[in-house]
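In case you want the letters, here they are:
Protein chains: 2
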Amino acid sequence: MTVPQSNGVSKSLPSALPLVQKLSKDHDNVLKTFRLLIADLCQQFGGGHPGGAIGMAAIGVSLWKYIMRYAPHTPNFFNRDRFVLSNGHTCLFQYSFLHLTGYEAMTFDQLKSYHSDRADALCPGHPEIEHEGIEVTTGPLGQGIANAVGLAMATKNLATTYNRPGYDVVSNHTWCMIGDACLQEGVALEAISLAGHFRLNNLTVIYDNNQVTCDGSVDLTNTEDVNAKMRASGWDVIDVEDGCYDIEGIVGALEQARNAQEKPTFINVKTIIGLDSHVAGTATAHGAAFGPQSVANLKTLYGFNPEEHFVIGDAVRKFFQDLPARGEQWVQEWNQLVSDYTVKHPELGAEFQARVRGELPANWEQHIPSSFPEKPTASRASSGLVFNPIAKEINTFMVGTADLSPSVNMIWPGKVDFQHPDLRTTCGINGDYSGRYIHYGIREHAMCAISNGLAAYSPNTIIPVTSTFFMFYLYAAPAVRMGALQNLQGIHVATHDSIGMGEDGPTHQPIELAALYRAMPNILYIRPGDSEEVAGAWMAAINAKKAPTIISTSRQALPQLKQTRRDGVARGAYVLEEDEFATVTLLGVGAELSFALDVAAQLRAQKGITARVISFPCQRLFEQQSLEYRRETLRRHRGIPAIVIEPYAPNGWERYADAGINVNRFGHSLPSKAAYKFFGYEIDALTTKVVRYLDQLNGDEYLRHEFVDL
Amino acid sequence: MTVPQSNGVSKSLPSALPLVQKLSKDHDNVLKTFRLLIADLCQQFGGGHPGGAIGMAAIGVSLWKYIMRYAPHTPNFFNRDRFVLSNGHTCLFQYSFLHLTGYEAMTFDQLKSYHSDRADALCPGHPEIEHEGIEVTTGPLGQGIANAVGLAMATKNLATTYNRPGYDVVSNHTWCMIGDACLQEGVALEAISLAGHFRLNNLTVIYDNNQVTCDGSVDLTNTEDVNAKMRASGWDVIDVEDGCYDIEGIVGALEQARNAQEKPTFINVKTIIGLDSHVAGTATAHGAAFGPQSVANLKTLYGFNPEEHFVIGDAVRKFFQDLPARGEQWVQEWNQLVSDYTVKHPELGAEFQARVRGELPANWEQHIPSSFPEKPTASRASSGLVFNPIAKEINTFMVGTADLSPSVNMIWPGKVDFQHPDLRTTCGINGDYSGRYIHYGIREHAMCAISNGLAAYSPNTIIPVTSTFFMFYLYAAPAVRMGALQNLQGIHVATHDSIGMGEDGPTHQPIELAALYRAMPNILYIRPGDSEEVAGAWMAAINAKKAPTIISTSRQALPQLKQTRRDGVARGAYVLEEDEFATVTLLGVGAELSFALDVAAQLRAQKGITARVISFPCQRLFEQQSLEYRRETLRRHRGIPAIVIEPYAPNGWERYADAGINVNRFGHSLPSKAAYKFFGYEIDALTTKVVRYLDQLNGDEYLRHEFVDL
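From first to last, the protein sequence lines stand for chains A and B. Just so it is clear: in the first sequence, position 167 is 166 by numbering that gives the first Met the number 0, and no numbers are missing. Just so it is clear: in the second sequence, position 217 is 216 by numbering that gives the first Met the number 0, and no numbers are missing.
Be aware that a few hints might be false.
Because identical chains share one entry, a pair is satisfied inside a single copy or across any pair of copies.
List of simulated lysine-lysine pairs, DSSO-like, C-alpha gap at most 30 Å [claimed, not checked]:
#1 K688 <-> K317
#2 K391 <-> K414
#3 K24 <-> K545
#4 K676 <-> K269
#5 K391 <-> K544
#6 K21 <-> K676
#7 K111 <-> K676
#8 K111 <-> K672
#9 K545 <-> K676
#10 K374 <-> K269
#11 K343 <-> K317
For the record, the hints were derived by calculation from the structure and aren't laboratory data.
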């Protein structure tokens with residue numbers, strides 16, 4: 000069957016239904032074996048989540064045996080179908096199929112180490128991207144389905160960019176399992192809406208509809224018409240009534256979904272949680288082992304020996320044994336295809352292969368201006384000056400915003416939107432799937448979760464860039480965290496940081512949010528102070544191949560400082576103004592960096608006090624420097640007190656400073672300058688605080704032992 | 000018309016339509032005056048959000064003149080209708096109607112100070128709860144509609160609890176304006192789904208359907224069938240085609256919504272953003288002033304003098320002038336009703352009036368056990384021991400969970416669910432609207448945003464309690480923040496804190512989240528160490544009348560410590576073990592508090608080192624103590640180094656400690672004890688680190704000036 004896709008891809012995939020019918024006699028044994036395996040694994044640990052995995056057994060057989068294109072012995076085969084387990088607590092479902100289908104790392108020993116004390120186990124409590132056969136780390140509900148949307152968008156973009164007639168070098172499908180929970184989480188609902196808008200016909204969501212969550216029946220909290228809601232959101236819906244046994248029905252639905260023409264597909268599969276156990280159909284089956292007697296009873300019911308555990312019979316092994324070879328054949332076919340394609344389209348082929356390897360063009364840094372206008376410039380505008388020339392030239396970057404295009408300055412000349420091409424006609428939108436500018440809508444959380452999917456498609460093949468006000472990265476924080484946890488490169492352009500953003504007021508003025516991102520592992524939170532530092536921030540972000548970065552910029556214009564250096568940003572903090580005989584060190588940060596310089600000047604001019612000035616855009620990068628560099632930069636060991644100036648909560652600065660001029664309350668709705676004045680961020684007031692502190696230090700020896708809020 | 004409600008309330012409200020028809024000749028002038036006022040206010044500032052407010056003018060006239068029951072001169076009239084502007088950036092819409100309808104604080108001068116530099120302005124960039132006539136602070140999109148769901152739930156609960164035949168002491172309706180954005184935000188979608196499930200017929204959402212957001216046409220990012228989606232979610236839908244002028248049609252729709260029998264109502268009102276201006280119907284009308292010429296043109300078009308600004312003619316003043324008196328009449332009727340009710344139902348009336356005043360029964364603390372079992376107890380279980388007796392007895396508490404009832408221990412004997420009563424029959428659920436246990440579903444963000452609405456109904460009349468794993472309070476963080484910003488009491492029971500939660504792994508193990516909540520203004524983040532401290536945490540939380548609290552508890556059993564004191568928690572940190580000649584101070588926290596005691600014992604026994612031990616459950620409460628208390632507790636000025644032991648990111652502890660045994664990376668999926676071991680949280684390993692640090696301190700003078708990660 001040839002399936003034309005709206006992105007121009009066509010793919011020929013034979014129907015698996017004849018094979019399903021031929022092997023149907025084996026299914027009963029396979030399903031029983033699988034279910035007992037899950038029950039045994041949970042019982043061994045005395046916990047875990049058996050019910051969902053058992054209920055989804057027939058779905059798993061349908062996917063891994065009959066539908067998905069993947070290669071167990073080449074887990075990272077580029078054009079593999081992506082599978083996302085959004086209901087990640089049912090991880091044993093995936094682990095067991097990885098074992099059965101021949102993923103080499105997932106040995107039987109590893110599988111049986113589920114929830115054991117071994118630190119190198121491949122069976123953590125939720126799937127983790129580090130391990131073979133796992134596409135994304137899931138667990139926090141709703142993330143996985145948003146990731147899947149991103150994975151499907153990655154396919155669309157790469158396929159439309161690189162496929163040529165006869166050479167569909169990118170043609171994979173994305174399959175996503177969800178449970179009742181994912182249909183309640185906001186991030187999933189945002190992503191569902193956007194996937195419908197984008198008409199991602201290469202995305203299939205399979206709903207394990209068992210109508211049970213931790214609290215009991217879903218009726219306790221959700222009585223909506225799910226199918227109608229999905230249809231209203233632009234999805235095709237297929238029902239499967241007997242999801243526990245009807246493999247033929249499931250495979251038929253999955254094939255229909257794979258062949259979808261215009262929309263993503265939602266397959267509503269009715270299952271029974273903890274099928275055939277004494278807790279079948281109840282919440283008790285969700286998150287606890289069944290108990291030894293119940294597991295034994297289940298074995299007896301299934302005609303197995305209740306004394307034996309972890310039994311996988313030869314027939315079951317045989318049922319799955321052809322899958323690695325089948326996968327290697329696909330790998331070889333694809334390798335040949337890419338090889339032929341590169342002969343036919345040498346330039347495109349070379350670019351494609353570099354993308355596959357996750358390489359940027361060697362000259363990417365050359366697109367960054369070597370200098371900037373001297374006039375005061377908002378650092379959000381600087382960010383555009385730095386990045387838009389890169390985005391224009393390099394396909395790797397997919398750039399989006401949560402409906403703040405006029406504010407975040409991420410539009411490059413000639414940008415094309417990522418959109419279904421038909422919207423050109425119906426809505427007059429300049430877009431198709433090769434577009435790399437994504438209108439995410441007012442969906443900050445999905446934006447970042449989807450961007451994790453874009454990044455997870457293959458390491459550094461796509462570098463997603465998101466943008467919104469810094470404050471709204473609190474909405475997106477769970478997804479930003481998941482990116483950091485998964486070592487996924489992604490660049491978050493956060494504008495309107497600090498009280499300087501002005502009259503939008505305390506709901507929009509971030510006070511405490513930097514404390515979160517400075518504490519979060521494996522993410523760079525960078526506040527550059529002017530255009531030159533913005534260049535340094537972008538360079539650090541693009542060079543951080545295994546971590547996300549937040550570039551935190553100002554709404555208001557900032558003076559351009561002659562002392563700043565882009566290479567200083569890479570070290571986290573560096574000296575702007577040095578003096579061997581200084582009596583105080585001022586730490587300046589981001590939008591308020593110039594305040595530190597101005598205070599130093601006023602201290603010198605009016606008080607005869609000499610101050611060193613440090614620019615401190617990124618704590619994490621500074622922590623990565625040598626102890627010597629850090630000590631020499633701060634010089635606290637020389638007894639020189641350090642004072643940080645930043646209108647954020649001080650938390651975390653106590654590590655680098657003896658005192659701080661910070662903000663310990665929520666903001667206030669005032670225009671930018673008035674807001675700074677209201678909170679005491681004027682040069683006179685700041686200078687007075689510094690002088691008073693230095694005076695106090697002489698009189699109160701205790702102060703030396705304490706961080707002082709000035 | 001008498002409207003029986005499913006909660007048993009009946010209300011008699013005459014139709015306003017005859018009055019609408021009588022006054023229809025005035026509408027044109029009122030609408031034009033209003034629109035020009037908005038245009039002038041934005042033009043004066045040179046910014047702001049004129050377009051939406053102008054497009055919604057007829058909706059506003061319909062609401063404030065014809066539909067809503069409120070009292071401008073008694074803004075906090077208890078039984079007033081609640082109005083929520085979820086699209087808070089259109090705040091001028093609300094401010095202008097507050098002025099026109101006679102709210103005394105909103106003088107013409109105040110209105111004209113919109114976005115000025117005056118710090119006492121009542122017209123901040125988004126509505127703020129502190130000001131007359133504002134029910135909740137909005138701005139971050141999607142929050143307001145979720146708040147509105149909470150406000151409507153508050154009405155249902157209070158009405159069902161206190162109303163008696165002939166005495167509907169609580170009968171108000173909740174009206175919520177939203178724009179296109181709120182229909183995209185996840186938190187709104189969660190709340191919409193739950194409101195449909197709860198069949199909140201006392202909630203009406205009015206959709207300002209102008210099909211424009213910042214990026215341009217909504218088609219760029221959303222092409223779903225909104226009405227179908229709302230119907231699928233359990234809402235009635237009414238369309239109004241001409242939302243710019245058709246006041247009669249809008250009033251009719253609003254009346255139909257107010258009389259809804261079984262469902263919340265979604266009124267889809269088509270409007271034109273920036274109507275009649277040169278940017279009408281475009282994104283440019285959204286967030287910028289029109290420009291002086293355009294404003295002048297608009298005045299000419301409307302037959303006004305283009306040279307005059309801020310003109311509100313006598314006819315318009317007269318149109319609104321009867322509203323304060325009408326409101327006072329409603330206030331008097333309600334006061335009389337409550338008075339009669341209290342005569343007829345003395346006990347209930349007294350309780351109701353105490354609720355109105357926001358008072359708890361004087362004896363609430365007596366429900367807390369005076370002692371606890373000595374056996375190891377998970378602090379999540381301790382939390383249930385402390386709080387469930389209170390929740391059982393005191394109606395003030397409405398308690399919910401995001402689908403973690405089996406894990407969070409918040410169920411008291413005899414609890415009744417908050418549910419539509421018909422679900423008893425259809426789903427076998429033990430609930431009605433008097434129920435105070437809320438199954439929020441897997442909707443953490445909406446849970447906390449809705450709880451803000453419950454709290455905002457009237458100060459401390461309802462104290463909402465939410466619960467889920469600590470990690471998932473990152474999903475809810477934007478709403479938790481809004482509670483803190485609004486000084487709303489709310490208690491968040493966060494279980495499964497720290498790596499001790501075990502095998503669910505790094506997605507569920509909070510490392511950096513405490514740093515956020517310790518930095519966030521006006522919230523208490525408390526980690527109690529055992530049952531006694533859990534008692535102290537709850538007391539602090541219930542006593543915090545103007546702030547939310549997070550009580551952070553363990554999944555795993557904790558030893559019960561003889562040194563802990565509930566009154567110590569109120570001081571944030573206190574001495575557990577004192578020694579005048581100690582060489583080191585150990586700071587213990589929450590689930591790991593016992594580690595500090597055990598390390599101290601081992602230091603003494605094996606190394607001859609004497610340690611002081613401090614329990615440090617809450618940084619914010621500690622900061623509220625006197626300088627003397629803080630210094631005497633920490634004794635760092637005496638040169639005694641302090642070491643904090645907590646498997647979280649260290650950020651913020653640098654203020655209180657010289658060194659820390661913390662975690663600077665994401666967690667690891669291992670059972671609780673193995674996870675602690677993996678990260679070095681065993682007594683031997685911890686003791687070794689302390690000893691090594693004390694040795695190093697002697698050899699390296701620099702270390703005294705630095706926070707050291709051990």
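*Classify it for me, K24 with K545: is the Cα-Cα distance of at most 30 Å met within a copy, between copies, both or neither?*
neither (47 Å within a copy, 66 Å between copies)
Exercise. When no copy is specified for K391 and K544, does a C-alpha distance of 30 Å or less occur within a copy, between copies, both, or neither?
Worked result: within (20 Å within a copy, 53 Å between copies)
Exercise for the section: Check K391 against K414 for me: Cα-Cα at most 30 Å, and say if that holds within a copy, between copies, both or neither. Expected result: within (7 Å within a copy, 60 Å between copies)
**Item:** Within, between, both or neither, where K676 and K269 count as close if Cα-Cα is 30 Å or less
**Value:** neither (61 Å within a copy, 42 Å between copies)
At 30 Å max between alpha carbons, let me know whether K111 reaches K672 within a copy, between copies, both or neither.
This pair counts as between: shortest inter-copy Cα distance 19 Å, intra-copy 62 Å.
How do K343 and K317 come out at 30 Å by Cα distance, when the copy is not named: within, between, both, or neither?
neither (41 Å within a copy, 79 Å between copies)
*asked:* My question is about K21 and K676: at a cut-off of 30 Å on alpha-carbon distance, are they close within one copy, between copies, both, or neither?
replied: neither (78 Å within a copy, 51 Å between copies)
For K545 and K676, with the copy left unspecified, which applies at a CA distance of at most 30 Å: within, between, both, or neither?
So K545 and K676 pass the 30 Å test across copies only (27 Å; inside, 40 Å).
Checklist entry - Within a copy, between copies, both or neither: where do K374 and K269 come within 30 Å Cα-Cα? => result neither (63 Å within a copy, 44 Å between copies)
Up to 30 Å CA-CA - K676 versus K111, copy category: This pair counts as between: shortest inter-copy Cα distance 21 Å, intra-copy 63 Å.
K688 and K317: within-copy, between-copy, both or neither at 30 Å Cα
neither (77 Å within a copy, 53 Å between copies)
Checked against the numbered hints given earlier, the structure breaks hints 1, 3, 4, 6, 10 and 11 and satisfies all the rest.
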